[in-house]
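These protein sequence lines are chains A and B, in that order.
Per the numbering used here, residue 3 is the first one in the first sequence, and the count goes up by one each step.
Per the numbering used here, residue 3 is the first one in the second sequence, and the count goes up by one each step.
The hints are simulated quantities; they were obtained by calculation from the structure and are not laboratory data.
Keep in mind that a hint or two might mislead.
Treat identical chains as interchangeable: a pair holds within one or across any two.
Listed below are the simulated DSSO-like cross-link pairs for lysine-lysine, each with C-alpha atoms no more than 27 Å apart in a straight line [unchecked claim]:
| no. | residue 1 | residue 2 |
| --- | --- | --- |
| 1 | K72 | K56 |
| 2 | K104 | K19 |
| 3 | K72 | K19 |
2 protein chains.
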Amino acid sequence: MDRGERSSGAGTGAAPKQVCPHFQGAVELIGRRWSGAILYTLADEGPLRFAELKETVPGMSDRLLSTRLKELESEGLVRREVLDGPGVGVSYSLTEKGASLKPVMGSLTDWAREWHRA
Amino acid sequence: MDRGERSSGAGTGAAPKQVCPHFQGAVELIGRRWSGAILYTLADEGPLRFAELKETVPGMSDRLLSTRLKELESEGLVRREVLDGPGVGVSYSLTEKGASLKPVMGSLTDWAREWHRA
């Protein structure tokens, strides 16, 4: 990470540059309550139906799961597909953009297992 | 990621296993509003004083920055140090645990630059 132009005086005193907005947008998107869990499950087990997804995260309400899925769909991370066959069925899976988060989730899982005993 | 014991029937129908609680705890910790930005800045520019940190994230209030710093300190990611010298001074930096998040933040930054134009 380069520091670009900044005033002299290392550490305190110099004006720090602003945080990368792409990073901030991404971390707050996947870090929203349950969003990371939904992405993790779909990466690992998708495609899944709504009820199956709900089982993977204890304590998540139908309403919140539905809201999060719509957000992730609108961000292009999750694909919603109506299933053929008898009865009504909808499945959720990761898009290419969503699947490209797998290395990030893997690296965060490794960190969490080592450092962050939840 | 192994699937462990599960009923037969790939995709829909089988019971998915529950999401890794370490991953979920970690992603929601760093994804909390401004937390990722604070960690990113301290990784890149720390140690920093409160006012310097505040400059790096436009729109963040003193109150919220203070709350987030206390949370990150209590999680063992951020170290608060009182500076010697004239006047009152406090600086914030990453602990070893916080610094070990750098590869995760790097991998998320790469993803965000490629996929998530904020």
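Structure-based check of all given hints:
no.	hint	verdict
1	K72 / K56	within (15 Å within a copy, 32 Å between copies)
2	K104 / K19	between (29 Å within a copy, 17 Å between copies)
3	K72 / K19	between (34 Å within a copy, 23 Å between copies)
Checked against the numbered hints given earlier, the structure satisfies every one of them.
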